[in-house]
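Number of protein chains: 2
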Amino acid sequence: MAPRKKSVSAAHAPVSMADLARELGVSMTTISRALSDHYSIGPEMKQKVLKLAKKYNYQPNRMASALRKGKSKLLGIIVPYIEGHFFPKVVHGIETAARHAGYNVIICQSSEDVAQERRNIELLLSAQVAGVLVSVSRTTTDSAHFDKVRSRGLPLVFFDRLIAGDDVNAVVLNDYEGGYLSTRHLLAQGCRRVAHVAGPQNLSIYKNRRQGYLDALRYAGLPADEALIGYTDMTQAAGAELAQQWLALPHPPDGVFAAGDYSALGVLQEAERQGRRVPADLAIGGFSNETFTVITKPTITTVDQRCEEMGQAAVRLLLELIEANGAPFTPRQIVLGPELLVRGSSLRLQQPADKPKSAAK
Amino acid sequence: MAPRKKSVSAAHAPVSMADLARELGVSMTTISRALSDHYSIGPEMKQKVLKLAKKYNYQPNRMASALRKGKSKLLGIIVPYIEGHFFPKVVHGIETAARHAGYNVIICQSSEDVAQERRNIELLLSAQVAGVLVSVSRTTTDSAHFDKVRSRGLPLVFFDRLIAGDDVNAVVLNDYEGGYLSTRHLLAQGCRRVAHVAGPQNLSIYKNRRQGYLDALRYAGLPADEALIGYTDMTQAAGAELAQQWLALPHPPDGVFAAGDYSALGVLQEAERQGRRVPADLAIGGFSNETFTVITKPTITTVDQRCEEMGQAAVRLLLELIEANGAPFTPRQIVLGPELLVRGSSLRLQQPADKPKSAAK
DNA sequence: TTGTACGCGTTATCAA
DNA sequence: TTGATAACGCGTACAA
Chain A
1 MAPRKKSVSA
11 AHAPVSMADL
21 ARELGVSMTT
31 ISRALSDHYS
41 IGPEMKQKVL
51 KLAKKYNYQP
61 NRMASALRKG
71 KSKLLGIIVP
81 YIEGHFFPKV
91 VHGIETAARH
101 AGYNVIICQS
111 SEDVAQERRN
121 IELLLSAQVA
131 GVLVSVSRTT
141 TDSAHFDKVR
151 SRGLPLVFFD
161 RLIAGDDVNA
171 VVLNDYEGGY
181 LSTRHLLAQG
191 CRRVAHVAGP
201 QNLSIYKNRR
211 QGYLDALRYA
221 GLPADEALIG
231 YTDMTQAAGA
241 ELAQQWLALP
251 HPPDGVFAAG
261 DYSALGVLQE
271 AERQGRRVPA
281 DLAIGGFSNE
291 TFTVITKPTI
301 TTVDQRCEEM
311 GQAAVRLLLE
321 LIEANGAPFT
331 PRQIVLGPEL
341 LVRGSSLRLQ
351 QPADKPKSAA
361 K
Chain B
1 MAPRKKSVSA
11 AHAPVSMADL
21 ARELGVSMTT
31 ISRALSDHYS
41 IGPEMKQKVL
51 KLAKKYNYQP
61 NRMASALRKG
71 KSKLLGIIVP
81 YIEGHFFPKV
91 VHGIETAARH
101 AGYNVIICQS
111 SEDVAQERRN
121 IELLLSAQVA
131 GVLVSVSRTT
141 TDSAHFDKVR
151 SRGLPLVFFD
161 RLIAGDDVNA
171 VVLNDYEGGY
181 LSTRHLLAQG
191 CRRVAHVAGP
201 QNLSIYKNRR
211 QGYLDALRYA
221 GLPADEALIG
231 YTDMTQAAGA
241 ELAQQWLALP
251 HPPDGVFAAG
261 DYSALGVLQE
271 AERQGRRVPA
281 DLAIGGFSNE
291 TFTVITKPTI
301 TTVDQRCEEM
311 GQAAVRLLLE
321 LIEANGAPFT
331 PRQIVLGPEL
341 LVRGSSLRLQ
351 QPADKPKSAA
361 K
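Those sequence lines, one after another, are chains A and B. Position 186 of the first sequence, counting from 1, maps to 186 under the UniProt record's numbering, and the rest follow consecutively. Position 280 of the second sequence, counting from 1, maps to 280 under the UniProt record's numbering, and the rest follow consecutively.
To be clear, the hints were calculated from the coordinates, so they are not data collected in a lab. As the structure is a computational prediction, the values presented were derived from the model and not from experiment. Note that beta-carbon positions come from the ideal geometry of N, C-alpha and C, so glycine has one too. Careful, some of the hints might be misleading.
[Unchecked claim] If you only want the chain B side, here are some residues facing chain A, beta carbon under 10 angstroms, derived: (1) 13; (2) 26; (3) 47; (4) 50; (5) 52; (6) 53; (7) 59; (8) 62; (9) 67; (10) 85; (11) 87; (12) 88; (13) 104; (14) 105; (15) 127; (16) 272.
Please model the complete structure; the sequences and the hints are all you need to start from.
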């Protein structure tokens with residue numbers, strides 16, 4: 001076998017502190033102190049060590065360090081999946097915030113499966129992570145595996161989706177407020193019969209969005225009409241189907257608050273297919289600020305979920321818990337305020353000439 | 001401070017092999033053998049150990065194991081960022097494939113910054129990963145940091161974006177073929193003047209897509225007209241601007257192959273704004289199969305990048321390298337075939353009645 | 001200021 | 001089949 005010019009060059013074992021110590025004729029302790037900026041170390045010795053470390057491109061072995069100290073600089077993340085719009089953004093926020101704090105993240109997907117989620121937990125524990133960030137799977141009902149984390153003294157922070165109980169640390173979006181703001185906005189635009197595309201009510205996010213919708217109606221002195229609430233799986237098709245039903249009513253709605261952008265899109269498309277004008281005949285509001293909401297015509301009014309902030313906040317909370325180091329800590333829930341983004345699909349009233357659309361990004 | 005009902009329960013230290021050994025009155029070696037399914041272990045002893053391990057919910061300390069064995073079950077991933085459409089999908093594919101092979105992933109973002117990318121490499125090395133998967137940042141020109149990985153004897157696989165040189169392991173999309181297929185399709189639909197929204201030519205993906213476009217024209221015996229090639233940053237705005245210029249030409253194009261979906265969208269919107277019919281007056285093809293391409297009217301013909309397959313293939317290749325364990329291995333490039341998705345924006349000819357749109361998903 | 005010695009949890013080697 | 005021991009690389013109490 002002819003040796004390739006750039007074939008596998010002899011695999012250097014990583015250089016350790018012992019190697020440096022031998023080279024300099026000092027003890028490993030000295031090396032350790034020089035590298036970790038310890039107080040008792042001669043400045044010239046320190047320089048010598050640092051120089052040699054650089055020369056040999058010394059990289060501390062984090063495994064060894066973690067083993068010795070019992071704590072790593074790794075954070076575990078469990079998300080249902082890394083796809084779509086929301087989770088990648090939150091993970092992005094988490095990774096960035098963690099990195100700035102000197103931590104790295106190890107990511108797991110539960111694929112919406114409790115069993116997988118349990119395995120993920122085991123794995124993160126055995127990887128000696130310093131803390132765990134979780135958005136629970138849809139199939140999660142019991143939470144014994146999360147207790148395992150806490151019984152190890154490891155901090156645990158939920159984001160977006162949590163388990164029942166108020167003794168957990170969590171960062172969530174105020175979905176209630178989102179539903180409330182969006183509905184109130186539709187009413188302010190002159191809507192008098194606002195329908196609602198609701199999601200599965202066993203998920204708190206959809207339940208809360210619906211409650212916000214209901215309360216906005218109530219505060220406006222308008223009756224809630226169950227005929228104008230459709231319970232769906234939040235797909236585009238479901239939105240279109242509901243729109244079809246509603247628009248066939250003798251007294252059809254003049255506004256729709258959909259708990260998700262895809263269903264809002266379905267409503268929009270069905271309305272247009274029937275020749276209704278949006279927003280004049282039917283004003284529409286969605287939820288999530290999906291990418292496509294600025295692309296449709298008209299653009300879709302929606303609620304931004306503050307994905308990156310959620311990631312950042314979750315990391316901040318987790319780091320606080322890590323630094324508290326097991327000291328008594330009253331569980332805290334951080335609630336992020338959603339941002340209503342008013343766009344073409346709901347804007348019926350004239351706006352000031354200099355600002356035809358607010359927050360059109 | 002009144003003790004809360006469910007406050008921090010005494011943090012159990014994780015149970016170690018030594019604990020099990022003490023409890024059973026055997027040596028740690030025996031425990032180790034029982035747990036790792038070693039050949040020389042009595043079946044009844046093995047059962048006893050496994051039972052106790054389960055009872056105490058023993059989790060092996062992967063750090064210790066990795067330290068001892070010099071190899072962990074972690075794969076390092078470096079991506080420019082975990083946002084948008086492409087990278088989350090690839091990462092999803094990677095994580096899933098890795099998990100099925102018993103590996104977990106630690107994710108880093110370079111934020112398109114070489115310096116950050118270098119830090120990421122250092123970090124992954126010090127975390128003792130078993131291998132590294134990289135999609136290089138746009139600002140990466142020299143590749144010394146990648147050599148560091150290889151000089152440690154660690155396998156390295158690039159995906160989507162690679163560094164120059166043919167002695168690397170990589171999984172890429174055949175962008176050339178994507179450009180070729182899309183352009184050929186436009187020509188087959190009757191276009192005779194096909195324009196091209198090109199991306200930055202220092203990025204190989206855009207260069208290759210452009211070359212595919214050029215060759216498709218050439219094979220069709222049509223001249224390439226530099227006036228019909230626009231070099232842009234691939235944004236929606238850039239697409240719209242180019243469309244405006246092109247449509248003002250005395251002899252405007254009747255088809256556009258855009259090297260990205262956002263610019264294709266810009267072209268589409270500008271064409272519609274000017275009252276041109278798409279695809280009758282102007283047929284349009286994009287690239288990437290972004291979510292919104294099935295939402296626009298008409299839907300946008302595009303090229304799918306096989307994101308998940310790319311992640312899977314990259315992991316497979318990396319695992320092969322890991323298992324080769326430093327043995328001579330001729331660097332391999334895996335090239336995935338893109339998939340042309342024909343949709344409304346380019347379909348001018350009548351289709352068979354039973355299948356009005358192919359691959360409309 | 002520097003060095004010695006031990007332990008973190010696991011596994012490989014050798015001996016019994 | 002089982003056990004004793006050393007080693008992986010690092011950090012730290014203690015001694016010099």
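Task: Unmet hints by their number, sorted upward, for this structure - done: When the structure is compared with the hints, numbers 2, 3, 4, 5 and 6 turn out to be violated.
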